[in-house]
Amino acid sequence: MDLHFSPEEMAFREEVRAFLKDRLPTRIAEKVRTSKRLTKQDMVEWHAILNERGWYANHWPKEYGGPGWSVAQAAIFDIESALAHAPRIVPFGVSMLGPVLIKYGSQAQKDHWLPRILDGTDWWCQGYSEPGAGSDLASLKTSAVRDGDHYVVNGQKTWTTLGQYADMIFCLVRTSTEGKKQEGISFLLIDMKTPGVEVRPIILLDGEHEVNEVFFTDVRVPAENLVGEENKGWTYAKYLLTYERAGLAGVGGSMAAFNHLKEIAQSQRKGGRPLAEDPLFAARLARLEINLENLKLTNLRVLAASGSGGSAPLEMSAMLKICGTEIRQEITSLTRRALGPYAQPFVSEALDEGFNGAPIGPDYAAPVAVDYFNNRKLSIFGGSNEVQREIITKALLEL
Amino acid sequence: MYFHHSEDRQMLADMLGRYLQQRYPFDIRNKISASPEGWSRTHWAELAELGVVGALFGEEAGGFGGTGFDIAAVFEGLGKALVVEPFLGTLIAGQALAKAAGGQDALPAEVLAEVVAGTTLLAFAHEEPQSRYDLHDVETHALPNSEGWALHGRKAVVPQIEAADRILVSARIAGAPGDEAGIGLFLLDKAAAQVRGYPMVDGGRGGELVLDNTPATLVAEDGFPLIEQAIAAGIVALAWEAVAVMDVLKTATLDYLRTRKQFGVPIGKFQALQHRMATVALEIELARSAAISAADALGQDRRTRERAVSAAKYTIGRVGTLVAEEAIQMHGGIGMTWELPLSHYAKRLTMIGHQLGDEDHHLGRFIALGHA
Chain A
51 MDLHFSPEEM
61 AFREEVRAFL
71 KDRLPTRIAE
81 KVRTSKRLTK
91 QDMVEWHAIL
101 NERGWYANHW
111 PKEYGGPGWS
121 VAQAAIFDIE
131 SALAHAPRIV
141 PFGVSMLGPV
151 LIKYGSQAQK
161 DHWLPRILDG
171 TDWWCQGYSE
181 PGAGSDLASL
191 KTSAVRDGDH
201 YVVNGQKTWT
211 TLGQYADMIF
221 CLVRTSTEGK
231 KQEGISFLLI
241 DMKTPGVEVR
251 PIILLDGEHE
261 VNEVFFTDVR
271 VPAENLVGEE
281 NKGWTYAKYL
291 LTYERAGLAG
301 VGGSMAAFNH
311 LKEIAQSQRK
321 GGRPLAEDPL
331 FAARLARLEI
341 NLENLKLTNL
351 RVLAASGSGG
361 SAPLEMSAML
371 KICGTEIRQE
381 ITSLTRRALG
391 PYAQPFVSEA
401 LDEGFNGAPI
411 GPDYAAPVAV
421 DYFNNRKLSI
431 FGGSNEVQRE
441 IITKALLEL
Chain B
1007 MYFHHSEDRQ
1017 MLADMLGRYL
1027 QQRYPFDIRN
1037 KISASPEGWS
1047 RTHWAELAEL
1057 GVVGALFGEE
1067 AGGFGGTGFD
1077 IAAVFEGLGK
1087 ALVVEPFLGT
1097 LIAGQALAKA
1107 AGGQDALPAE
1117 VLAEVVAGTT
1127 LLAFAHEEPQ
1137 SRYDLHDVET
1147 HALPNSEGWA
1157 LHGRKAVVPQ
1167 IEAADRILVS
1177 ARIAGAPGDE
1187 AGIGLFLLDK
1197 AAAQVRGYPM
1207 VDGGRGGELV
1217 LDNTPATLVA
1227 EDGFPLIEQA
1237 IAAGIVALAW
1247 EAVAVMDVLK
1257 TATLDYLRTR
1267 KQFGVPIGKF
1277 QALQHRMATV
1287 ALEIELARSA
1297 AISAADALGQ
1307 DRRTRERAVS
1317 AAKYTIGRVG
1327 TLVAEEAIQM
1337 HGGIGMTWEL
1347 PLSHYAKRLT
1357 MIGHQLGDED
1367 HHLGRFIALG
1377 HA
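Chains as they are written, first to last, in our numbering: chain A, 51 to 449; chain B, 1007 to 1378.
The hints are simulated quantities; they were obtained by calculation from the structure and are not laboratory data.
Derived, one-sided and incomplete: chain B residues facing chain A with beta-carbon distance under 7 angstroms:
| # | residue |
| --- | --- |
| 1 | Glu1133 |
| 2 | Gln1136 |
| 3 | Arg1138 |
| 4 | Ala1162 |
| 5 | Val1163 |
| 6 | Tyr1204 |
| 7 | Met1206 |
| 8 | Gln1268 |
| 9 | Ala1278 |
| 10 | Ile1334 |
| 11 | Gln1335 |
| 12 | Gly1338 |
| 13 | Thr1343 |
| 14 | Trp1344 |
| 15 | Ser1349 |
| 16 | Met1357 |
From the three backbone atoms N, C-alpha and C, an ideal C-beta is built for every residue, glycine too.
Kindly generate the complete structure, drawing on both the sequences and the hints.
Printed below as a string of structure tokens:
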């Protein structure tokens, strides 16, 4: 047992910290720190800075433009970035599609799409869920019918995160209705500008436009945009879901959010003392801190077990997804509680950059309830936590 | 033992339910909630006409109700329809005024008559930016002058304060912040008040009250016992509103479990969800019992009343979070949308936890009140 980073890893951590200090724009970090709305331009700007350093596609193999990091290095980068209030890398192109293309794409697809992911030419979004296919994703119905050199796509995708910005969408589509439902699914790349593609916003309970519905009506997609083999898309989809192991538990983001919570608990007063010293609140904070420490080490154990380039057992990925999202939700819940009455005002414009009105209550109050409600999504998306628990018991019980 | 509303109260509840069903459906509610005013004078007047305001006050205050179970019947109805109008502030301020009435000063009784008639709306401005649910933590102070009193200080997150014609404000006449003695109650004309209003997470509006040499009329010199009793009535109201919101969330979630199909079956066939739904249902029944107990205790001695009220607020805080989170989770993505009424009920239930003391505050208070 050696729970510590090696001297090389410690040196790497210093390198990451120096880079973040030097290159992460203060303006963007401040927005992340204060939970202001990030624009597409903010995210594109940060991606470009990372790409220039060669750290954007940080889990891609070296020959495709990745830095060749170990899993420990990737974890260090994830944590340090979050603690420095860097935006999370938008995962759809670089973390989701990229690895699928690298493993299953044709040479022509890799040559065409991977450089465009790296340089930000294409903003990708994900076309998986449908109104009738959520947890039961394999029951998806959006159809792709071969017509000469094209597929003709009809159907509807939903919960498409940041689809309003997207140039391209990678979709799971049904190419066969024979046999098991998983066996008739294909993985197709679709240009969002193709006639027949329509994006409609879904406003979430916090009033924000983050997700969309995407409708396909007789959309003609070049057959060369099929990834891998027809009817093998489910295999690629599953690979994608387990790929981004280093970031799966969101440890860095939770550490940063927990630090913020501790600051708030120090600044809020209860009975003339800091809230952090209120016995009931202190107990809630302590439980959370212990759980977070346990998650951090579990995350490292899973990463160590999966090794460089290997893949974590499905049930371990599922455990990290459950623990990581539940801890993050508990942090947002406790932050909401910490604010007391000032969790109630809903000053949406205070979340925009450049808002210079006086805050209602403490200056950190405005995003807190919004974050709490928004983060209810964590236990729903990416395979709901119920589905993750099914995965765990299926693997353990072997019934 | 009899665990139903009396016939009179049931008639009031039925009438209120019918009115809200017909005149206050969810799309109308959302329009009112998001309007610049954040409430509807028309609906207020019509509800007052039906006796909904009068039911909140006893005969001595010109009403025809005012007990814990009258308040319960009204707020249960309001909760089902997610009503944003200023009933809570009017209840709390009116209850405190009713206790202040009967002296030589005619003002409290006059104001109450207007309140019951539906022509005057009240807000209760007591909490302060630093007070965090502690009822005696009053820093706002009152200074006598030749015309009466002038108030100095800040009041925090007052629900629907912009809608109020008069604001009942607590301010220190004597003593230090934290003392129970020396807190006076003052009536303030809306016209004299400096208010910064804003929308609330759960709909409607709230506001900050800035008092800077603001003229006001003293209605009670020893205000703390009045404040505590009026807040107790407010907590009974919130408890019953919360239980009604929980019932709506439960019904909607059961309906979703029955109709949403995944893997070829209604998702309610999955035992993991069945057991969680069962937990939600049983916790709601415990919360309902706590709300009944608090309503019953409202007319009893201080210790009995306050223990029951804190027990109820603790319970609805704890159960409210569970029910809101589970309702969203079992609905999945659709439960996260603005379009579905469910998310607004979940937000209201969560925000009730931030009004008049949260779960931890009332747990601590229950301990302090002695549980032997």
